[in-house]
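J.: Listed below, chain by chain, are the residues.
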Amino acid sequence: MDALDLARLQFAFTVGYHFIFVPFSMGLALMVVLAERRYYKSGVPAHMAASNFWIKLFTATFAIGVATGITMEFAFGTNWANYSRFVGDIFGAPLAAEGLFAFFLESTFLGVLLFGRRRVSRGFYYASAWLVLIGAHMSAVWILIANSWQHTPRGFEIEGGRAVLTSFWAAVFNPSTLPRLSHTVVATWVMGGFAIAAIAAWYLLKGRDVRLARSWMTAGLVLGLVTAVAMPFVGHWHATQVAAEQPIKMAAFESVWDTESNATLWLFGWVRDGGQEVVGLGIPSGLSLMLGLDPDHEVTGLSSVAAEDRPPVQLTFQAYHLMIAIGFLMIALLAVALALHLLGRLERYRWMLWVLIFAVFLPQIAIQMGWAATEVGRQPWIVQDLLRTVDGVSPAVSAAEVGTTLALFGLIYLLLFVGWVRIVFGIIRKGPEDVPALLGTQVPVLPPVPSGEDTSTSAGAGAPAK
Amino acid sequence: MTLADVWFVLVAVLLTGYAVLDGFDLGAGVLYPLLGRGDEQKATIRAAIGPVWDGNEVFLIAGGGALFAAFPPVYAMTFSGFYLAIMLFLFGLIFRAVSIEFRHRDEKWARLWDAGFFVGSLLPALLAGVALGNVIRGVPLDGNGDYTGTFLELLNPYSLLIGVTGLALFATHGAAWLAYKTEGDLHRRASRARAGGFVLFAVLALASTAVTFVAVPRASDNVTGSIVGWVSIAVLAGALLYTLWQIGAKADLKAFAGSAATIVALAGIAAVGNYPDIVPARDSAAETSLTVANASSGDLTLAVMLVIAVIGVPLVAAYTILVYRTFRGKVKAGEGY
Numbered sequence: 287m288d289a290l291d292l293a294r295l296q297f298a299f300t301v302g303y304h305f306i307f308v309p310f311s312m313g314l315a316l317m318v319v320l321a322e323r324r325y326y327k328s329g330v331p332a333h334m335a336a337s338n339f340w341i342k343l344f345t346a347t348f349a350i351g352v353a354t355g356i357t358m359e360f361a362f363g364t365n366w367a368n369y370s371r372f373v374g375d376i377f378g379a380p381l382a383a384e385g386l387f388a389f390f391l392e393s394t395f396l397g398v399l400l401f402g403r404r405r406v407s408r409g410f411y412y413a414s415a416w417l418v419l420i421g422a423h424m425s426a427v428w429i430l431i432a433n434s435w436q437h438t439p440r441g442f443e444i445e446g447g448r449a450v451l452t453s454f455w456a457a458v459f460n461p462s463t464l465p466r467l468s469h470t471v472v473a474t475w476v477m478g479g480f481a482i483a484a485i486a487a488w489y490l491l492k493g494r495d496v497r498l499a500r501s502w503m504t505a506g507l508v509l510g511l512v513t514a515v516a517m518p519f520v521g522h523w524h525a526t527q528v529a530a531e532q533p534i535k536m537a538a539f540e541s542v543w544d545t546e547s548n549a550t551l552w553l554f555g556w557v558r559d560g561g562q563e564v565v566g567l568g569i570p571s572g573l574s575l576m577l578g579l580d581p582d583h584e585v586t587g588l589s590s591v592a593a594e595d596r597p598p599v600q601l602t603f604q605a606y607h608l609m610i611a612i613g614f615l616m617i618a619l620l621a622v623a624l625a626l627h628l629l630g631r632l633e634r635y636r637w638m639l640w641v642l643i644f645a646v647f648l649p650q651i652a653i654q655m656g657w658a659a660t661e662v663g664r665q666p667w668i669v670q671d672l673l674r675t676v677d678g679v680s681p682a683v684s685a686a687e688v689g690t691t692l693a694l695f696g697l698i699y700l701l702l703f704v705g706w707v708r709i710v711f712g713i714i715r716k717g718p719e720d721v722p723a724l725l726g727t728q729v730p731v732l733p734p735v736p737s738g739e740d741t742s743t744s745a746g747a748g749a750p751a752k
Numbered sequence: 236m237t238l239a240d241v242w243f244v245l246v247a248v249l250l251t252g253y254a255v256l257d258g259f260d261l262g263a264g265v266l267y268p269l270l271g272r273g274d275e276q277k278a279t280i281r282a283a284i285g286p287v288w289d290g291n292e293v294f295l296i297a298g299g300g301a302l303f304a305a306f307p308p309v310y311a312m313t314f315s316g317f318y319l320a321i322m323l324f325l326f327g328l329i330f331r332a333v334s335i336e337f338r339h340r341d342e343k344w345a346r347l348w349d350a351g352f353f354v355g356s357l358l359p360a361l362l363a364g365v366a367l368g369n370v371i372r373g374v375p376l377d378g379n380g381d382y383t384g385t386f387l388e389l390l391n392p393y394s395l396l397i398g399v400t401g402l403a404l405f406a407t408h409g410a411a412w413l414a415y416k417t418e419g420d421l422h423r424r425a426s427r428a429r430a431g432g433f434v435l436f437a438v439l440a441l442a443s444t445a446v447t448f449v450a451v452p453r454a455s456d457n458v459t460g461s462i463v464g465w466v467s468i469a470v471l472a473g474a475l476l477y478t479l480w481q482i483g484a485k486a487d488l489k490a491f492a493g494s495a496a497t498i499v500a501l502a503g504i505a506a507v508g509n510y511p512d513i514v515p516a517r518d519s520a521a522e523t524s525l526t527v528a529n530a531s532s533g534d535l536t537l538a539v540m541l542v543i544a545v546i547g548v549p550l551v552a553a554y555t556i557l558v559y560r561t562f563r564g565k566v567k568a569g570e571g572y
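Those protein sequences? They're chains G and A, same order as listed. Under the numbering used here, the residues of the first sequence are numbered 287 to 752, in order. Under the numbering used here, the residues of the second sequence are numbered 236 to 572, in order.
Rather than coming from a laboratory, the hints here were simulated on the basis of the structure. Treat the hints with care, as some may be off.
Stated by the list, open to error - Here are the simulated lysine-lysine pairs, DSSO-like style, with alpha carbons at most 27 Å apart:
#	chain 1	residue 1	chain 2	residue 2
1	A	K565	A	K277
2	A	K489	A	K277
3	A	K343	A	K277
4	A	K343	G	K492
5	A	K485	A	K565
6	A	K343	G	K716
7	A	K489	A	K565
8	G	K716	A	K277
9	G	K716	G	K492
Using the sequences and the hints given, assemble the complete structure.
T.: Here it is in structure tokens:
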């Protein structure tokens, strides 16, 4: 492998790894706000214990997400120096805004969440939870603006071999920004829903903190189902935009060889001869109908561009179809689980709880596949139609250097992953602090407790009556 | 003053902010094995930087982002040219961030996370100075603006001297922070480390200054030839005397302010020493130097970023101050985590 292949592999590995934790923490941040809101409103110590539990899970995940995110900012300069020179004028402003508007916000108020329980008021603390959530989502906004510009560049002109900004807003709201942002953020919420449901399922299996776990199960399944059902619509919006702006990528998604009407929508299949043929099950004219609401709608084919301008079709096709298949599987699973849960029957089907625990891999795989499809589908371009990936790499860096650091990334990231799993499992096994211990160290303002309610387990509002 | 000049100053301010703020928590990490006797003191050291280190580190992200945006060729050259050094710096930061967060939740692997916090602090604290030394000294560049030297050439004696000087300064700064935040035995030993570190730093700083006059006359001429340079020198002299005085008076917060002012003055001198170059070319045609004028982004980008900065910086400053005020004073026993 040469320096280019290694640099691509390193970027794919480090960004894919980073993105294991990003959707987890965005989803968990949502749960932190929900849990802290309950404590803010009630002041009941059990609610604080529940909120603290989510904060611990969130911060352990967030820490590794932030740390591996620094890699990505550095990677543009270290491995993709010529790319950085080309896009710096465009790309830099969103990155700087991300630093100023997102990173400072989330990291500063994360400090309050971690250390501020006894230093700040309940309102300040609750506001901090919101600010961390907003900060986390703001970073998604700015980095996806930069990423979207690579796919659908706007608001620039080429001057002296580099892109120079001519309209900030045109660059920011380039055609793929809004669909990509919606698609990605909704995906992180689906992930959050599954993560919350998986943790709740484990407690229900163990019969621990049952009332609390039921309310979490409700929250996780509702969040997951609502967002998963929204996804086909958001995804369709994004797909039609891709077809309009990056027709060759769409051709690779569905392996369309000749430009044609009545193009097939594949449910699954195997690509042969670089996209000239697909063996599989498809809906005739389905793709034309999807994209143009008309079976005669013409879809651009791969053969319309030269071979060196086509992306790797098999990988793009498979990643895209796996993502969609998992998407529909998730809707079905969440619908069944939520129905059982609302009928009060979920806990009778222990295997279903186990399924929910392992189902946490589904959104994760779908997200990784989605990224692979969109980024591989853009190849051979690093900036669509303007700069080839091969021309973006750092001239000053040797294959040996990239290979060495790739190996080190592999080692360090493996170690961190093992550490993260141990810690997250540890937090879950330990569970929310019990209230007497909490009262021993905290001096919360206690409102009158509604009579007849057991405060130690009263966080279960919203759970099905049993 | 052009827009590019404004951004030269702003990038310098952000990176200086990084050195002042992350400087003390990196320094605390460097001193961690030395000062933290037993798990309780170790926990206190971590709690002393716990609420703020993450926000401090963001100055590096913001500074790096601003460098990328305002001077893409400089960002591209330094990050790809200093490849292995930057990667070591990065591995340090990653390991450190995760170690701080994981240490208190994972008794079984406690020693690993302790080591991660120390090594992860040492590498950036040392390498930041080494990188600065190379940028002052100049590096060999080709016509594309790419580094043509090797990794070992980056470890030249001059840059290593600047690196060690920086390390001593960050350690002193970290000791000053710990003295301000702790009590009892830990406070006593942090105060001693602060005094020792300051003496070590003063000797190294003197040596660095002398060597710079001999080895990099371009930089020393730039400083002594400009008003801002002389102002920075005066501030440095004042900051050094003030720090020494406050260390003697055992005024912890003021001594910390003194070491912070020292970092600011040194950063000012370094910036003036290079201006109007950002990265001067060495042993190659002078016209390959990356300057404020030839390496900047277009005016529209710089103007947009200025608007972003004008909106964002006061906001960031306001809540950063708010959070520092919230956590002011000594670390409370068993606080956090």
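J.: Against which earlier hints does the structure fall short, listed by number upward?
T.: Every hint satisfied by this model.
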